[in-house]
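K.L.:
Here is how the chains run, residue by residue.
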Amino acid sequence: MTRLTRLIRQKQFHLFIFCLQVLLIEWPILSVSAARGLRSVFVYLFTIWAFFILILFLLHKSSLDEASEKDRGVDGDD
Amino acid sequence: MNSPAAIILICTLYVTAIFLLAVWVERKATAGKNIGNRAWIYALSLTIYQTAWTYYGSVGKAASTGVLVLGFYLGPTLAVTLWWMVLRKLVRVKNSYLITSMADFISLRYNKSTAIAALVTVISIFSLIPYYALQFKAMGSTFSVITNKLPADRAAPYLALIFAAIFAVFTIVFTIILGVRRLAPAERHQGVVVAMSIGTLVKLTAFLAVGCYVTYGLFDGFGDLFARFEQSPFGASINRSQTTLSFYTGWTTYLILSMCTVLFLPWQFHLGVIENFQEKHIGTAMWGLPLFMLLQNLFVVPIAMAGLLAGYPVEQGDTFVLRLPMASGQTFLPALVFLGGFSAATGMMVISSMTVSTMMTNHLLLPVIASFRRLDVLKQYLLQCRWLSVALLVLAGYWFEGIVGQYLILVDIGIISSVAMLQVAPVIIGALFWKRGNAAGALWGMASGLALWIYTLILPAFIRAGFVSHDILDNGPLGISWLRPEHIMGMATFEPASHAVFWTLIANTGCYIIGSLYSSEDEAERAIAREIVDALAAPPIPELVSGEATIDLAVKKGEIEGLYRHYFPGPRSSAMVEECVSALGIAGKAQISIAELAEFYHEAEIRLASAIGAAAAHQALFKSEIISPVEEAKLKRVYADMIAELKMPASELKTKIDYHREREKLLTLQAAELEEKVRERDREIAERRKVEQALRNSESRLADIINFLPDATMVVDAAGKIIIWNRAAEEFTGVKAVEMLGKGNQEYAIPFYGERRPILLDLLLDPSREQEIRQLYPHLEMKNGIAIGESTTQSLKQGKAYTLGMAAPLYDAEGKVIGVIESVRDITERKEAEEELKKHRANLEELVKERTSELLIAKERAEVASQAKSSFLSSMSHELRTPLNAILGYTQIIRRQEYLREQQLQQLEIIRGSGEHLLSLINDILDMGKIESEKVELEETAFDLSPMLRQVFNIAKVKAEEKKLEFRYEESTPLPQSVRGDQRKLKQILLNLLTNAVKYTREGGVTTRVSYRDESGILGCEVVDTGIGMAADHLKLIFEPFTQLPGAGETREGVGLGLAITKRLVELMHGTISVQSEPGRGSTFILQLPLPETTVEIGRERSRPTVTGYQGTRRKILVVDDNAVNASLLVSLLQPLGFDVFTAGSGPEALDLAAGQKPDLVLLDMVMPGMDGVTTARELRRLRGLEEIRIIGTSATVSDTELRHAFVASCDDFISKPVDVDLLLEKIQGQLGIVWEVAVPEKELTPAEAATVAGETFEVPPQEQLRELHKLALFGDMRRIRIWAEELEGRAPQYRPFAEKLRELASRYQAKALLTLVEQHMKEPQ
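From first to last, the protein sequence lines stand for chains E and U. With the first letter of the first sequence counted as 1, position 18 gets the number 18 in the working numbering; the numbers rise by one all the way through. With the first letter of the second sequence counted as 1, position 823 gets the number 823 in the working numbering; the numbers rise by one all the way through.
No lab work stands behind these hints, which were simulated from the structure alone. Just to be clear, a hint being listed does not mean it is correct.
To be verified - For the chain E half of the interface with chain U, some residues (derived, Cβ under 8 Å), not all of them:
no.	residue
1	Arg6
2	Ile8
3	Ile17
4	Phe18
5	Leu24
6	Trp27
7	Ile29
8	Val32
9	Gly37
10	Leu38
11	Phe51
12	Phe57
13	Ser63
No residue lacks a Cβ here, since even glycine has one placed at the ideal position from N, Cα and C.
Make a model of the complete structure from these sequences and hints.
P.N.:
Structure follows, in structure tokens:
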């Protein structure tokens, strides 16, 4: 869990998430669901959307924890 | 159905509620409670991004393109993933630099360029106006829908217009009242932000409500809806569109646009950056904003599908959200939906107009004012200018919607605006992550992007609105097809928005990069670029905990005590720390806040500074890291919040801080000055005390001095009261000081005068009483401000006494009279003495008169005796000089004879010298008389020293040789050629000494040693004899007059005046004379005389030519002298020279002869029996024809008598006897104006000349005649020789050569040559 926390605190992870999002909601992956019809692409997009909102929420929580740890003098990585 | 009034009422109520909420929040904020300082408020505020455009337009877009519209909301979700790096950095920059807007940030990053700020502002305005148009279009169209006003209804447009106008006015008023109240752009606008954030919930609620109603009310959920739609023709169409290239290009375009605009729209930037309270709020926004958008868009596609399934045309897709519930008979839901749209529009417009108006005034208006001084007055109306900007922006949007809006759907307008704002994205991203990006690149990039935006989007909109020819859109400008605005380079596959985004991004980014690489930035820009790019490298700013006590005080105390231990002993360090804690009032606390920690730190530094100095203490605490980086960041945040709560811009705060610092300095200076003044005053007081003490001492001393004075002295003050009464006054008056001190009213006079009366001091106290006081003092005078008076006192003790009073005023430092001092001296004895003295003086005067009378008589007698003496001396002198005149005169006449032999000449010279010595003896007697009467004067002239000495020596030598004494003359040193002095007196001195030496020497000799000291010009002369010598007791007497040595016996000669005259003369010439002598061993007289050497040319005594006659007619001279010898002497002198000389023995005889002979010149003696010379001269001039006769007086009298003066005055010239022949001839020549014929002094013939003379052969007369000629030659009678020669030539012409030779030699007075010639021919046989 600690490793996972350390992972998502790194800004490179933010970039990774950004790139992953772009990858998942852009052509050609998007075309896969788009080809299946409006329902398919609608579900796909909102699922992805919700997923990444969850990721962002976790990132936020992680940043809050990081700030608290730094306030307590624990080293962290930005 | 909702009526317009109802809708307006609802909107008004909503606006009122929002307004009240905003006001409440502002008031809370003023009270220190920040409602806006909440993460969810921050996240909700960012959802203002979803405006009326997306509120209504997304459904319309979905109706035509399916899920494509979701790209506008997925893009922000993508973007927020990076906000922890992007937005957090922007917030830190904002906190560091207190930036006020997006334009301000870009300008700051790019060298604070006003041009860039202006360009960003222009882009924002260009972007905002279509946006506003979008809002107005949405409000107008939905107002028509909800009020069920069909387009065919003529009133519909007007109602929409009116509502839009109301909306515009509301926006303007709301913005001005809540958003632009003050000129403080950096402050947060909590009220507006909170109100608008709450408003976003309305639109979300409304949209979710209508979505649920449509999905689950009108249909059986998503499945049912999708199933029906897929079975409809719209489904197939949408499905096909989702597989086309344009779908993906559009999708990507929307993603890019929304990613950028969610943060880089001016109002989004303001909400996300400027209004951010804490960085951690960004984290909430990162998931909250996407979640809000997800919810907001969850029913977009279903509603669109439902609308289409309900049979509404695609073009009405923007209003499906209203039409669907309205169609089903709902009234509340449409109203709620409309309110949601209204909320979305107002939120965006209020925030954006507030933001962009600030940019307009700061980055457009102010630079213009700075450029045009005439606009300076506007600086005072900046707030009003901002209000005007708000109004202009809103009205411009309203105008734009009216012009262009009818030709575009909502989504298109939104895209146009979004693409415009996209142009700032590259420079902002570059600003945050690329240090090399600079102002030039930013300017190039944004300008090029904006230009292409206008070309690719605005121009086509205007073309479609009909303002520009459609040909450009179809064929390109000037027919250049590859420049068609929507198909640049022939790119036809992209829809217009994608096309514009593609080309503007290419141009913008390309120009930005190339421009940045092409140009260089200065160091300041590089520095700020580094700071911004590395903003996140600094410690994170933690949450605001200023008021929370979370820091362990014991830990901090330990740290500070540990630091103190480096400088102080342990107990002392502990005590100092406790003092700090006690001073701050935190002693009992376990934990302290960051603010208290800062105070603790400061207190500790102050106490340490008192020991080791301020600089060292600061360094020590700084290095100690007592405040950790985290705490330091907290502290900064506390200060930042304090600044924010002050609600003033950084510049104003800085100004105030500077002001207070300056004021503190001034107060410190004033305090220092006051301290210095206090110290100075203390010094002055101390000095004054010293002075007062010194004054008291001085007064005490003065009182002692006055008390010590022998005169009765009193001092009164200005009021006339006694303040000092000295001991002498007590003794004089018998009245003690204690009885007098303090008494006034002239009571001080009573002890002196027995009555109360004014005295001297009253004159100084009251000068107006002078007359009265003068009457009381017989003698009174004012001298230098001091009154001095004498009077008779009636002392109580001593009775009557004469007193001398002196009174002087006493002044203070300002010159004011503060009292008078008077002393009274008893002068009775003096007065009596003076009286006695007066009596003695009278007697003395009588005696003096008697003595004076006697002295006058004695003086008269003395004068008579003196006169007799003078007369005697004069007579004696005259009588002695008369025979001497004959002696010396004839001696001179005889010397003129040429035939005298050398021996005879020497004998004559001795006669002359003796005569002259006799004459000098006579002169001595006269000189002594003159010396005694101090009538002798020096006659200084330049003369040759050696000849004069030798002459004197020769005179004395004759006498020495007579006594067969050895006579030597020695010159010890070389003598100067010429000296200056009185030659006659020197000669007299030397002659006296030499003759004296010879006189007193029987055997042996006399030696004269002469020396001269060049450096002092002193002539030394020692006369040493081997004579009889003198005893020591006689040495002092020898220089006394009429003194002769005893025992001199036969040597007794003269009158004993020689040495006395010698000494007087030596002293007169400032010399000295002394004598050394022993009886029997001779004497040595030592003479020292100052005779300075001179280089003055001295007329050498030349061998005067012998006067033999004169030229011209014969002249007659009458010699008048009662002495026949003297007369004969003159006849003998003058007759041979060719004068006719007559003699007379008395005055009458002379008058007779003169009358007969008419002489040309008279030589007249002064003293004659009967008629004296004066009378004779006067009478001679009275004779007819003799008025101009020349008279030369002669006299042997040298006394300075009136007769002599009268005689000299009556004659034309005067000569003393004995007569100097040469001088007499000179005077005769002067009186008669004759030219002498003279015999040139014969010079020695050289052997050659002699031979010539001898060798000449002449025919000569016979020997007998030659002997006669020889006789004439021996006598030197040249005139007769010339006569003889003429007679010889007349008798016998053959002797002419000889006669001519004789005449030649005679005329040249060549006597020797003549004699040689004659004697030669006499010897030679004829």
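K.L.:
Does each hint hold? Answer for all of them.
P.N.:
So, going through the hints one by one against the coordinates:
Interface hint at Arg6(E): violated, since its Cβ lies 15 Å from the closest Cβ of chain U, which is beyond the 8 Å cut-off. Interface hint at Ile8(E): violated, since its Cβ lies 11 Å from the closest Cβ of chain U, which is beyond the 8 Å cut-off. Evaluation of the Ile17(E) hint against chain U yields a held restraint, the C-beta minimum of about 5 Å falling below 8 Å. For the restraint placing Phe18(E) at the interface with chain U, the shortest Cβ-Cβ distance is roughly 4 Å, inside the 8 Å limit, so the hint holds.
Hint status for Leu24(E): violated, given a least beta-carbon distance of 10 Å to chain U, over 8 Å. Look at Trp27(E): its Cβ gets to within about 5 Å of chain U, closer than 8 Å, so that hint holds up. Checking Ile29(E) against chain U: minimum C-beta separation of about 11 Å lies over 8 Å; hint violated. Checking Val32(E) against chain U by beta carbon gives a least distance of about 11 Å; that is not within 8 Å, so the hint is violated.
A hinted interface residue such as Gly37(E) counts as satisfied when its beta carbon comes closer than 8 Å to some beta carbon of chain U; here the least separation is about 5 Å, so the hint holds. The restraint placing Leu38(E) at the interface with chain U holds, with a minimum CB-CB distance near 5 Å, inside the 8 Å limit. Here the hint on Phe51(E) is broken, as its CB sits about 10 Å from the closest CB of chain U, past 8 Å. Proximity of Phe57(E) to chain U holds as hinted, the smallest CB-CB distance being about 4 Å (cut-off 8 Å).
About 5 Å separates the beta-carbon of Ser63(E) from the nearest beta-carbon of chain U, less than 8 Å, and the hint is met.
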